[in-house]
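Protein chains in written order, with my numbering: chain A, 1 to 413; chain B, 414 to 951.
Heads up, a few of these hints could be off.
[As the list claims (entries may be wrong)] SDA-like, lysine to any residue: derived pairs with alpha carbons at most 20 Å apart:
{"id": "1", "chain 1": "A", "residue 1": "Lys406", "chain 2": "B", "residue 2": "Glu770"}
{"id": "2", "chain 1": "B", "residue 1": "Lys703", "chain 2": "B", "residue 2": "Gln864"}
{"id": "3", "chain 1": "A", "residue 1": "Lys406", "chain 2": "B", "residue 2": "Gln864"}
Treat the hints as calculated values from the structure; they're not laboratory data.
All of these numbers come straight from a predicted model, not from anything done at the bench.
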Amino acid sequence: MEPVRRPAGRPSGWGRWRLLSLVGAVFVSLAGLRVITGQDMLTDAGTINTTLTFAVPIGLAGLGGLWAERAGIINIGLEGMMILGTWFGAYFAWAFDNPWIGLLAGILGGMAGGLLHAVATVTFAVDHIVSGVAINILALGAMRYMSILLYSDVPGAGAAQSPTTPGFPTLGLPFVGEAFGPLADRGWFLVSDLASLVVGLTTRMSALTLVALLMIPLTYLVLWRTAFGLRLRSVGENPDASESLGVRVYSLKYVAVVVSGGLAGMGGVFLALVASNIYQEGQTGGRGFIGLAAMIFGNWRPGGVAMGAGLFGYTDALQLRGGGEAIHALLLLLAAVLLLVAVWQVRKDRKGIAVASVVAGVLLLVWYFTTDSLPRELATYSPHITTLLVLSLASQRLRPPAAIGKQWRASRS
Amino acid sequence: MSSTPSGVETSGPPAVELHGITKRFPGVVANHDIDITVAPGTVHAIVGENGAGKSTLMKTLYGMHRPDEGRILIRGQEVRFHSPSDAIRHGIGMVHQHFMLADNLTVLENVVLGAEREYGIGRRARARIQELSDQYGLGVDPDRLMEDLGVGDRQRVEILKVLYRGAKTIILDEPTAVLVPQEVDELFDNLRELKREGLTVIFISHKLDEVLSVADEITVIRRGTTVATADPGSTTARELATLMVGGELPVPELRESTVTDHVVLSLDGVTVAAPDGRPVVDGVSVDIHKGEIVGIAGVEGNGQSELIAAIMGMRPVASGSIALEGRDITGWSTLKVREAGVGYIPEDRHRHGVLLESPLWENRILGHQTKAPSVRGRWINRAGARADSERIVEEYDVRTPNIDVIADALSGGNQQKFIIGREMSGAPRFLVAAHPTRGVDVGAQSAIWEQLREARAAGLAVLLVSADLDELIGMSDTLHVILRGRLVAQADPTTVTPEQLGSAMTGAGLHGEDGPTEGDSGADGADGADRRENGGGA
């Protein structure tokens with residue numbers, strides 16, 4: 001018998017350390033960038049707060065995508081399920097004057113969308129993309145119809161928007177703002193940035209933000225640390241194997257897609273009740289799709305989804321608060337990253353990519369030093385450009401679930 | 414045969430008894446009147462041709478479908494299985510021919526999946542896996558990612574999966590089909606270990622030498638029913654084969670020579686380079702005449718595939734030239750080569766030969782999409798293609814309900830017969846036949862050989878590449894040995910033995926190996942090639 005070989009791959013836990021060190025590196029470089037460019041917007045507490053507000057719906061959509069895709073179902077209907085979440089969240093929060101009832105209703109609304117998707121894709125073997133797109137269109141129209149039906153006599157509301165809704169209570173640790181605030185204003189490299197981070201993360205946080213943040217470790221624990229999660233993931237990897245071992249493939253796919261819809265619905269509630277205090281048509285603004293992008297960027301892992309959502313939230317926050325100048329500062333960082341990539345690729349003896357990176361990096365540097373600000377139009381679109389850039393760079397080493405998007409039929413008829 | 418039944422008579426009721434099992438599918442009777450008794454603590458082999466109904470029977474025993482008639486007894490107690498879980502509960506486990514493993518999960522996760530109640534999914538499960546792995550000498554590391562494991566390791570994980578669920582009887586469905594010879598030996602060691610620990614193994618196979626070396630008892634299945642039970646100690650492979658086929662085994666042989674002096678295909682110094690510039694086919698020069706079959710013998714990976722790809726225009730020729738009937742076809746596209754009258758039986762029929770998801774008549778058009786009767790002008794001639802598919806099915810004895818079924822629904826042998834029929838249509842002048850009988854059953858094998866003989870008599874020139882040395886020797890007029898991309902020797906197929914050929918293939922030289930040591934190494938080479946040939950079984 002051949003001896004047991006040591007695992008050839010990395011030791012376990014390596015992934016987590018990589019994630020943490022990457023986040024740390026990004027933060028340190030942002031702090032450095034702030035000192036170099038003098039753009040305080042880059043790391044101040046307000047930006048961090050806004051980042052959270054923008055990142056949470058994307059992250060929730062991403063987690064929703066993760067649940068569905070880990071069970072092998074592509075959920076491009078996340079956008080529609082978010083729309084259901086925004087509408088139901090706002091309506092019930094307003095009708096009962098209680099945001100928590102709104103949250104429940106929004107989640108249930110999203111779950112209903114998920115259930116529809118599950119019926120179509122799992123039971124009737126409709127193509128996942130077709131079903132998802134149909135749900136997106138359906139949700140948009142159905143919610144407009146419901147608005148016309150229910151808001152016609154309500155003052156300040158109509159076909160495209162709800163009345164003002166109650167908000168969630170905000171939480172915050174006492175004294176932290178007072179203790180760290182002055183430190184954050186000093187402008188010291190890294191120290192002040194860390195202080196801003198602490199302030200941003202511990203004060204004026206909506207209760208729903210906290211709930212949403214908890215979904216990340218919760219997803220990890222359920223999917224990677226329980227038998228149920230193992231079964232669910234196995235269904236997305238090799239449903240034939242799962243079936244042969246007595247795993248109920250159909251039920252698990254249903255559960256996964258319904259949970260997926262629920263998470264997207266929660267993201268919708270967040271948009272309606274926390275990010276603003278009103279339901280508006282088109283409020284989701286493609287965040288379901290960006291959530292999917294965050295999930296792909298995150299390699300179908302919860303920590304990665306959180307990072308992806310944070311990245312998109314950050315660029316969004318920055319363009320909203322700082323506008324062209326703040327985004328402009330990021331060009332410098334991007335140029336530096338590209339030059340680093342070039343060095344890395346030269347070491348790996350891949351000259352083509354290296355040369356391309358150098359050229360792009362130098363062009364960015366030229367752009368940075370010849371201008372002071374990004375054109376307004378470009379700044380507004382920076383989150384989407386980031387999506388494109390990140391996906392094209394990150395898609396090299398991704399490992400999607402193996403049975404994703406496949407129509408699967410039980411072998412016993 | 415070292416293995417003897419250990420206490421067959423003494424250790425209580427049989428592990429498994431099948432009585433009068435009949436299973437019908439729409440249009441076919443897959444099994445009828447099956448009677449098998451498996452003694453506990455033995456390796457019981459079930460042999461039969463492809464399509465004889467072995468796998469259907471085992472799926473019945475494993476609860477994947479219910480028999481229409483008959484009884485199943487486990488340790489003397491009658492049972493009725495509604496699902497594999499029922500079978501698992503009664504201590505029956507199955508290792509499928511196609512592994513049921515998820516690549517992106519670890520060994521541990523794959524093993525505990527579906528059986529999380531036993532020992533959880535964490536530390537206790539890991540300890541249990543380690544314990545089982547040590548007890549049965551499986552050498553499985555629970556924390557490795559599945560996709561990093563080789564085929565032999567995967568199979569051991571599958572066995573471990575079954576053991577983890579507390580199986581006392583393990584069904585192995587064609588376990589050696591995917592293994593190389595050393596892995597087969599390891600597997601057999603594992604099986605003997607399992608037997609020593611008191612488990613019962615049911616071993617499905619159609620490879621007789623393996624069955625004889627590992628089984629304690631052999632049941633032969635032919636056309637869906639049990640025809641005989643044999644004791645490996647007093648049976649020969651030849652007798653078993655006769656039982657399996659229900660008649661004499663076909664022998665590859667050519668009758669009188671039909672070779673003419675008209676050269677059809679001429680290779681002149683053909684060299685094919687690997688991506689790194691190293692030649693994988695190195696200066697091959699050979700003439701193939703009208704009515705001649707030229708065989709190429711070689712251990713797989715010595716340039717045969719690349720040589721064929723070069724002739725078919727699927728790989729660029731680095732230097733040298735290929736001429737068909739005097740015309741230089743070097744560098745022609747595959748379609749143009751085929752249009753010039755070259756047929757091609759590919760070595761991997763699922764990759765190059767058929768579209769599994771398409772009906773037969775569409776597969777008929779494949780590769781002939783520019784020639785009548787598949788097309789009329791620029792358009793597909795549906796009626797013509799269908800009519801010609803009917804002709805192929807008729808003439809080449811392709812067993813299929815009709816020409817509208819998808820190719821995937823046919824057995825490997827019937828797919829191969831259909832491909833050969835297609836490639837012979839349009840009267841090719843030259844045929845490339847790569848492993849024409851790989852993974853097909855005995856009946857189809859003799860039919861394919863007969864078709865090659867007929868085509869040769871009609872003046873076809875054939876390049877035959879095969880790993881089955883008996884086939885090469887029997888079917889070739891001229892035999893070349895390829896080693897590291899070069900034709901190193903030419904053998905006379907009327908006098909050469911498989912042992913001599915095997916030794917030449919490994920580089921030991923064709924002549925002068927009368928000494929016992931060299932003869933032995935030759936036998937090894939031939940043996941390995943034979944196993945690989947059999948390994949293509951589907």
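Hint check:
1. Lys406(A) / Glu770(B): Satisfied, since the Cα-Cα distance of roughly 15 Å is no more than 20 Å.
2. Lys703(B) / Gln864(B): Given pair Lys703(B), Gln864(B) holds - Cα atoms ~16 Å apart, limit 20 Å.
3. Lys406(A) / Gln864(B): violated (40 Å)
Hint check: a violation occurs at hint 3 only; the rest are consistent with the structure.
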